[in-house]
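Note that the protein sequences, when read in sequence, are chains R and X. Quick note on this note's numbering: the first sequence kicks off at 1 and runs consecutively. Quick note on this note's numbering: the second sequence kicks off at 370 and runs consecutively.
No lab work stands behind these hints, which were simulated from the structure alone. Errors might be hidden in some of the hints.
Here chain X is said to cover these stretches of chain R; the calculated rule only asks that three of the stretch's residues, wherever they fall, bring their Cβ under 8 Å from a Cβ of chain X [said to hold, decoys possible]:
# : segment
1 : 35-47
2 : 81-92
3 : 320-326
Yeah, the Cβ is synthetic: ideal placement off N, Cα and C, and Gly gets one too.
Number of protein chains: 2
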Amino acid sequence: MSIKFEIIKECKNTNARLGKLFTPHGAIETPVFMPVGTQATVKAMTPQELERLGIKIILSNSYHLYLRPGYNLIAQAGGLHKFMGWRGTILTDSGGFQIFSLGELNKVDDDGVFFNSHIDGSRHFINPEKAMEIQMALGSDIAMAFDECTPYPSGKYQVEIAARRTIQWAKRCKEAHHSTNQSLFGIVQGGTFKDLRIENANKLVELDFPGYAIGGLSVGEPKSLMYEVLDYTVPCLPISKPRYLMGVGAPQSILEGVVRGIDMFDCVLPTRNGRNGSLFTSSGKLTITNAKYKNDFTPLDDKCQCYTCQNFTKAYLRHLYTSKEMLGSILGTIHNLYFMSNLMKNIRLALLEDRLLEFKEESLTNFLS
Amino acid sequence: MSIKFEIIKECKNTNARLGKLFTPHGAIETPVFMPVGTQATVKAMTPQELERLGIKIILSNSYHLYLRPGYNLIAQAGGLHKFMGWRGTILTDSGGFQIFSLGELNKVDDDGVFFNSHIDGSRHFINPEKAMEIQMALGSDIAMAFDECTPYPSGKYQVEIAARRTIQWAKRCKEAHHSTNQSLFGIVQGGTFKDLRIENANKLVELDFPGYAIGGLSVGEPKSLMYEVLDYTVPCLPISKPRYLMGVGAPQSILEGVVRGIDMFDCVLPTRNGRNGSLFTSSGKLTITNAKYKNDFTPLDDKCQCYTCQNFTKAYLRHLYTSKEMLGSILGTIHNLYFMSNLMKNIRLALLEDRLLEFKEESLTNFLS
Numbered sequence: 001m002s003i004k005f006e007i008i009k010e011c012k013n014t015n016a017r018l019g020k021l022f023t024p025h026g027a028i029e030t031p032v033f034m035p036v037g038t039q040a041t042v043k044a045m046t047p048q049e050l051e052r053l054g055i056k057i058i059l060s061n062s063y064h065l066y067l068r069p070g071y072n073l074i075a076q077a078g079g080l081h082k083f084m085g086w087r088g089t090i091l092t093d094s095g096g097f098q099i100f101s102l103g104e105l106n107k108v109d110d111d112g113v114f115f116n117s118h119i120d121g122s123r124h125f126i127n128p129e130k131a132m133e134i135q136m137a138l139g140s141d142i143a144m145a146f147d148e149c150t151p152y153p154s155g156k157y158q159v160e161i162a163a164r165r166t167i168q169w170a171k172r173c174k175e176a177h178h179s180t181n182q183s184l185f186g187i188v189q190g191g192t193f194k195d196l197r198i199e200n201a202n203k204l205v206e207l208d209f210p211g212y213a214i215g216g217l218s219v220g221e222p223k224s225l226m227y228e229v230l231d232y233t234v235p236c237l238p239i240s241k242p243r244y245l246m247g248v249g250a251p252q253s254i255l256e257g258v259v260r261g262i263d264m265f266d267c268v269l270p271t272r273n274g275r276n277g278s279l280f281t282s283s284g285k286l287t288i289t290n291a292k293y294k295n296d297f298t299p300l301d302d303k304c305q306c307y308t309c310q311n312f313t314k315a316y317l318r319h320l321y322t323s324k325e326m327l328g329s330i331l332g333t334i335h336n337l338y339f340m341s342n343l344m345k346n347i348r349l350a351l352l353e354d355r356l357l358e359f360k361e362e363s364l365t366n367f368l369s
Numbered sequence: 370m371s372i373k374f375e376i377i378k379e380c381k382n383t384n385a386r387l388g389k390l391f392t393p394h395g396a397i398e399t400p401v402f403m404p405v406g407t408q409a410t411v412k413a414m415t416p417q418e419l420e421r422l423g424i425k426i427i428l429s430n431s432y433h434l435y436l437r438p439g440y441n442l443i444a445q446a447g448g449l450h451k452f453m454g455w456r457g458t459i460l461t462d463s464g465g466f467q468i469f470s471l472g473e474l475n476k477v478d479d480d481g482v483f484f485n486s487h488i489d490g491s492r493h494f495i496n497p498e499k500a501m502e503i504q505m506a507l508g509s510d511i512a513m514a515f516d517e518c519t520p521y522p523s524g525k526y527q528v529e530i531a532a533r534r535t536i537q538w539a540k541r542c543k544e545a546h547h548s549t550n551q552s553l554f555g556i557v558q559g560g561t562f563k564d565l566r567i568e569n570a571n572k573l574v575e576l577d578f579p580g581y582a583i584g585g586l587s588v589g590e591p592k593s594l595m596y597e598v599l600d601y602t603v604p605c606l607p608i609s610k611p612r613y614l615m616g617v618g619a620p621q622s623i624l625e626g627v628v629r630g631i632d633m634f635d636c637v638l639p640t641r642n643g644r645n646g647s648l649f650t651s652s653g654k655l656t657i658t659n660a661k662y663k664n665d666f667t668p669l670d671d672k673c674q675c676y677t678c679q680n681f682t683k684a685y686l687r688h689l690y691t692s693k694e695m696l697g698s699i700l701g702t703i704h705n706l707y708f709m710s711n712l713m714k715n716i717r718l719a720l721l722e723d724r725l726l727e728f729k730e731e732s733l734t735n736f737l738s
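Produce the complete structure using the sequences and hints provided.
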């Protein structure tokens, strides 16, 4: 089966909607946040722990898996789900973003990209056809088109070339993609230029994808500019298809994205922050290694029901992080992912109960200050 | 309550016995292996995971906790159990072994030991009274006397001085120790010298401790020599008290220790090996990073019922370790601790069914080759 998207309820005052995304590996309530499992593992988490956290969908990175352990190996293993022991849904990106941000770029032209591996310097070539071959071998439920992402700030001429190339590549991805169990999403580029974004979105929609992503945001531009791009880009996308804002996961940005009509989000932030001791709470972010927590025998967040908050104190967590104990990263990741799951659950509940804007304001005041 | 030890069954052909150790935090079937939680955490494991593995008792290191986060902080937290969220039994060592092996030793005399911290070089003094103060503050169920451990090889004169000092210190520990919920074990020293070990054991037994440890072994001497020391030392210890062989945890040594009458073992080996990808299996030890496992889509050990073996392949585990993913260490530790728990369970079953020696021979042939 390919994916199916159902809108359960539309928000009266905003573009937000409550939905359900049916995939070959289960149904997902939207808006949803997808934790990132870069190298076929959400860092510090067992698949069992992710399930306990109520997580139904994760993202994994084609670029990393292509380089290590290799997509042929994962295909031999029976696909990425089986390889990593994950029963839920997987979305893979195309590798485009990583090639442009991590790899040592050698040459980009209309055909594709030559780059050197960030691991061993070896030379590689990826083009739209190859990106499809890789993702079909991985067997993710949702694959992403191969795109060219420009940094911020970039000149309009550069962004325009990349955006047009992204459309050409999206066409080639669609032609190269053939899988009954995998759905291919297109990606809108166009930087922070209104005309380019709108042109790009319209051309992409003509190609008719089962879902659309907005790429090239959260790459250094001010947040207000990102929200502006969403304001004029989302309305170009069909109402009936899922909309995915790539690489965005700060709680504030998620709230702003949801009210603008975004259904899916991903970001390394909650897991990376969790490993580093930067922990989300209902009254703001907290740096657990701070000396003031040395003798603090209260939980991280006394309103939180997660395993970490139910069983451990700030003093213990601080000890784990300052002693560089792995358990610190494990408990911090559990907490931050629980926080994200809970935030999304509360967003969906607010949507259902017609009080999304109130929830957003309340949340921004309480914990995003 | 203090501990109580019950012998359920004695082996007919060896000194081994099946027992039950009652502690303020639960009952433990012996022979038992205790995982090490050096810094108030068994590395890479949540307390929940340890419970799932059937682990009832862990060891924690006074030396490390004294230096970081400090025993007063742990006392403020309500003791070590509460601080680290561990509901089972805790045994703490005295710090003696670590001071002599990790710390930069400054001066040892009959009063105590001056040493510099291995973390920040700060100067510290620990003597028997201080070691008791620390462990009473930690509130472990079983505390260990402060001893002087000599390296191998050491001259007889040096070992004799340390062994006699250990007896003097054991007396002072007993006088300084006052806790209704903590039991203090004595430690036999004497290196690999038969007369010193026997003299030391006899003097220690005169002091009447609720349990006895054999220290200063597995410090570089040949295994055969360690077994020889057990052969003549264990018979000096009272039958009715638990016997603990410190720092020993290789499966082969555990089997040899059990038949010689040892009830308790601890070692960092299963957890450290687990983190490094050296994994125990029913057909021998395996280094998972080996290239031959790259395409091996079978479990680590197809006879093993642990979470790791039930859900992941060697190829995936190898990928995690070679990519330096934390999940590799987590899954490797789960597997190795499960292996140890299972080994101890099988030892106890063999004891119960009067086939310990057969089990030992069989095990040595199968998985210790």
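Quick rundown of the hints versus the structure:
1. 35-47: holds (count 8)
2. 81-92: Answer holds; 3 residues pass the 8 Å Cβ test.
3. 320-326: holds (count 5)
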